[in-house]
Amino acid sequence: MVEVDQIIVGYCRDLGDNKCAATGSVTLIKDQGKNILVDCGDPWNGDQIKEGLEKNNLDPDQIDYLIITHGHSDHCGNMSMFKNSTILMAEGVAKCANNEYTCYDVENSYQISENVDVLYMDGHTDIDLAIIAKNTDKGTIVVAGDLIEDKNDRETNSWRFVSKYPERQELSRKRIFEIGDYIIPGHGEGFKKVSCIPHPLHTQTHL
Numbered sequence: 001m002v003e004v005d006q007i008i009v010g011y012c013r014d015l016g017d018n019k020c021a022a023t024g025s026v027t028l029i030k031d032q033g034k035n036i037l038v039d040c041g042d043p044w045n046g047d048q049i050k051e052g053l054e055k056n057n058l059d060p061d062q063i064d065y066l067i068i069t070h071g072h073s074d075h076c077g078n079m080s081m082f083k084n085s086t087i088l089m090a091e092g093v094a095k096c097a098n099n100e101y102t103c104y105d106v107e108n109s110y111q112i113s114e115n116v117d118v119l120y121m122d123g124h125t126d127i128d129l130a131i132i133a134k135n136t137d138k139g140t141i142v143v144a145g146d147l148i149e150d151k152n153d154r155e156t157n158s159w160r161f162v163s164k165y166p167e168r169q170e171l172s173r174k175r176i177f178e179i180g181d182y183i184i185p186g187h188g189e190g191f192k193k194v195s196c197i198p199h200p201l202h203t204q205t206h207l
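For the sequence shown, full-length UniProt numbering gives the first residue as 1, with consecutive numbering after it.
Keep in mind that the hints are not guaranteed to be accurate.
Said to hold, decoys possible - PhoX-like mimics (lysine-lysine), calculated; alpha carbons at most 20 Å apart, straight line: (1) LYS192 x LYS134; (2) LYS193 x LYS151; (3) LYS151 x LYS30; (4) LYS34 x LYS19; (5) LYS34 x LYS134; (6) LYS83 x LYS138; (7) LYS151 x LYS192; (8) LYS164 x LYS174; (9) LYS193 x LYS174; (10) LYS30 x LYS55; (11) LYS164 x LYS138; (12) LYS83 x LYS134; (13) LYS83 x LYS50; (14) LYS50 x LYS19; (15) LYS164 x LYS19; (16) LYS164 x LYS134; (17) LYS174 x LYS192; (18) LYS83 x LYS151; (19) LYS138 x LYS193; (20) LYS134 x LYS174; (21) LYS134 x LYS50; (22) LYS138 x LYS151; (23) LYS30 x LYS164.
Note that these hints are calculated values from the structure, not bench results.
Input sequences plus hints: build the corresponding full structure.
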């Protein structure tokens, strides 16, 4: 069975005066002898990532794949910790790096193992990666990055305020909720999918 552990629960807190404190979720997936880390936090929580890995009897050098869901600093702030990892990211993000990284082919899905796939989506940014983990104790888990902010964002619509392409993101969100039994969002605890899916696309009627 595939093991999935959200070793850092992301958050986003309003500090007032148009300021916020935020860090992205970090998730460890183990399948068929491969250790896969999804996102690597902000530049200040490297020690917390190491602690989470230690609880799983791992250190950064034992991570086979590091997947960056998108290029915001609260999701890719500790890439330098994973020098032995194959790093998967959107091509546009990789082009900004100083060294060579394995770029994700944005036109096709990427299969890491029999039970773990990386899918191209978009909306929160130009290119967002979602990770699908099948055959877990929670069914199919989708690690969604910031395509899903937290378990309440369907009611608050908070995701729209930080979305580059809301209509495209809404389609990505719908797809995530169709695939997953359990969702790990970018800024909150993982949650079980309820029976409903995100609200239908907003339409405008011209009289």
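To see whether the hints hold, each was checked on the structure:
1. LYS192 x LYS134: Roughly 14 Å between the alpha carbons, so the hint for LYS192 and LYS134 holds.
2. LYS193 x LYS151: The given pair, whose Cα atoms are some 9 Å apart, holds under the 20 Å limit.
3. LYS151 x LYS30: violated (24 Å)
4. LYS34 x LYS19: violated (39 Å)
5. LYS34 x LYS134: holds (14 Å)
6. LYS83 x LYS138: Violated. LYS83 to LYS138 sits at ~31 Å, over the 20 Å cutoff.
7. LYS151 x LYS192: holds (9 Å)
8. LYS164 x LYS174: Given that 20 Å is the threshold and the Cα spacing comes to 17 Å, the pair holds.
9. LYS193 x LYS174: holds (12 Å)
10. LYS30 x LYS55: holds (13 Å)
11. LYS164 x LYS138: Violated, at roughly 31 Å.
12. LYS83 x LYS134: violated (27 Å)
13. LYS83 x LYS50: holds (14 Å)
14. LYS50 x LYS19: Not satisfied, since the Cα-Cα distance of roughly 28 Å exceeds 20 Å.
15. LYS164 x LYS19: holds (19 Å)
16. LYS164 x LYS134: violated (29 Å)
17. LYS174 x LYS192: holds (15 Å)
18. LYS83 x LYS151: This hinted pair is violated, its Cα atoms lying about 33 Å apart.
19. LYS138 x LYS193: holds (10 Å)
20. LYS134 x LYS174: The given pair, whose Cα atoms are some 18 Å apart, holds under the 20 Å limit.
21. LYS134 x LYS50: With Cα atoms ~25 Å apart, LYS134 and LYS50 exceed 20 Å; violated.
22. LYS138 x LYS151: holds (16 Å)
23. LYS30 x LYS164: Violated, at roughly 32 Å.
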